[in-house]
Amino acid sequence: MSVERRLREGFARNANSLDPWTELRLEQVLGRHKRRVRIRWAASVLAAAAAITAVVAFGPRLVERVIGTPDPAAPSTPTVVQELSGAFATIVEEGSSVVRDHDLAGNWSMRLNADGTMVVNAPASYGGVLSAALFEAAADRFRTSVFEQDLCSGQGVGIYAWSLADGVLTLTPVDDSCEGRVAVLASSTWQQIP
Amino acid sequence: MDAEAREEYAWLFRAEFASVARTVFLIVHDRGRAEDIAQEAFLKMLQNWRVVSGYERPDAWVRRVAIRMAVRHARRERIRPTLEREAAGTDQQRLPDPDVAQAVSALAPMQRAAVVLYYWEDRPVAEIARLLQVSDSTIKQHLHRARKRLADVLSEEVTEDVR
Numbered sequence: 001m002s003v004e005r006r007l008r009e010g011f012a013r014n015a016n017s018l019d020p021w022t023e024l025r026l027e028q029v030l031g032r033h034k035r036r037v038r039i040r041w042a043a044s045v046l047a048a049a050a051a052i053t054a055v056v057a058f059g060p061r062l063v064e065r066v067i068g069t070p071d072p073a074a075p076s077t078p079t080v081v082q083e084l085s086g087a088f089a090t091i092v093e094e095g096s097s098v099v100r101d102h103d104l105a106g107n108w109s110m111r112l113n114a115d116g117t118m119v120v121n122a123p124a125s126y127g128g129v130l131s132a133a134l135f136e137a138a139a140d141r142f143r144t145s146v147f148e149q150d151l152c153s154g155q156g157v158g159i160y161a162w163s164l165a166d167g168v169l170t171l172t173p174v175d176d177s178c179e180g181r182v183a184v185l186a187s188s189t190w191q192q193i194p
Numbered sequence: 001m002d003a004e005a006r007e008e009y010a011w012l013f014r015a016e017f018a019s020v021a022r023t024v025f026l027i028v029h030d031r032g033r034a035e036d037i038a039q040e041a042f043l044k045m046l047q048n049w050r051v052v053s054g055y056e057r058p059d060a061w062v063r064r065v066a067i068r069m070a071v072r073h074a075r076r077e078r079i080r081p082t083l084e085r086e087a088a089g090t091d092q093q094r095l096p097d098p099d100v101a102q103a104v105s106a107l108a109p110m111q112r113a114a115v116v117l118y119y120w121e122d123r124p125v126a127e128i129a130r131l132l133q134v135s136d137s138t139i140k141q142h143l144h145r146a147r148k149r150l151a152d153v154l155s156e157e158v159t160e161d162v163r
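Chains A and B are the protein sequences, given in the same order.
For the first sequence, our numbering gives the first residue as 1, with consecutive numbering after it.
For the second sequence, our numbering gives the first residue as 1, with consecutive numbering after it.
Treat the hints as calculated values from the structure; they're not laboratory data.
Where hints are given, some of them may not hold.
A few chain A residues that face chain B, going by a derived Cβ cut-off under 7 Å, partial list only [unchecked claim]:
hint: 1; residue: Leu7
hint: 2; residue: Arg8
hint: 3; residue: Gly10
hint: 4; residue: Phe11
hint: 5; residue: Arg13
hint: 6; residue: Asn14
hint: 7; residue: Ala15
hint: 8; residue: Leu18
hint: 9; residue: Thr22
hint: 10; residue: Arg25
hint: 11; residue: His33
hint: 12; residue: Ala124
Label pairs and their calculated CB-CB ranges [claimed, not checked]:
hint: 13; chain 1: A; residue 1: Val37; chain 2: B; residue 2: Ala60; range: 23 to 31 Å
hint: 14; chain 1: A; residue 1: Ala161; chain 2: B; residue 2: Glu7; range: 44 to 52 Å
hint: 15; chain 1: A; residue 1: Ala161; chain 2: B; residue 2: Val51; range: 25 to 33 Å
From the three backbone atoms N, C-alpha and C, an ideal C-beta is built for every residue, glycine too.
Could you build all of it, start to finish, from the sequences and the hints given here?
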């Protein structure tokens, strides 16, 4: 027999031996999603309650101070986004466990566009989902949703301090709970490429 | 999520879950793990339903996510010490065709995925390449090497060429 036929027949027999309990799995997925939504909703309510309590307890003075404080996630400044726009490349070295676990080692490149979108190209060994991502940049902060679809699913956006000098972009994590994203974006500097 | 969207999602889940889980199963050779991976991929789809439901083929999206997760899982399993893996056990010996399962599980994870997508899902090389984010020639090379190795292990002949 040819190996091709043997594989087709073998795969069919083995695959059909799996008969998942689809209804149960569907219930579990819907239940998990519902719990997540509830947790998110509860967190928003708590945050709103905390904000109201702060306003009531500390009065307009606090409000004034909060408004006056620079917001790390402040909306993009167009000139900063322009300054950052371009293509960059970096090499993520094999080393840490997060790099090994997610196959992150290798050559990465990204294009930051003036419209606030970013496109990331991963090394061939990386098997995760890379969909279009957004970034925002202000004078001292760079905020991005990259990897939110897969590697950093459910972990929100990452906030970084940035500097760009002589074609070298350096991102330093300020607030990012996703270790994989930190490993890609901040484990080494990004060289500007044509 | 409104009732209509929920119904639409549930319909897609019922139509595709078993098929996605079977493909994943041929890559990871562990029933429970295959169903968990497929379930995780469908959960991701639900979390992104507003966007994914607008795609032309939401089923292709969830399949792609599941296959990539399966390849990652296979890579992690490969670097686990052999004794630890054996202690955990797999379903290979309990399958209708354990020889094929064993021969395929000895392949590198990307080769494994390429072979499963080509011979089980009947996908053309270009589509497999897009799905696994590598070039067409890399997939052809994976298939060529994998078939040669599988033919040796299974004592069968290689006759077909990749499309």
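Against the structure, the hints:
no., hint, in the structure
1, Leu7, "holds (4 Å)"
2, Arg8, "holds (5 Å)"
3, Gly10, "holds (3 Å)"
4, Phe11, "holds (4 Å)"
5, Arg13, "holds (4 Å)"
6, Asn14, "holds (5 Å)"
7, Ala15, "holds (4 Å)"
8, Leu18, "holds (5 Å)"
9, Thr22, "holds (5 Å)"
10, Arg25, "holds (5 Å)"
11, His33, "holds (5 Å)"
12, Ala124, "holds (5 Å)"
13, A/Val37 / B/Ala60: 23 to 31 Å, "holds (26 Å)"
14, A/Ala161 / B/Glu7: 44 to 52 Å, "holds (46 Å)"
15, A/Ala161 / B/Val51: 25 to 33 Å, "holds (30 Å)"
Violated hints are absent here; each numbered hint is respected by the structure.
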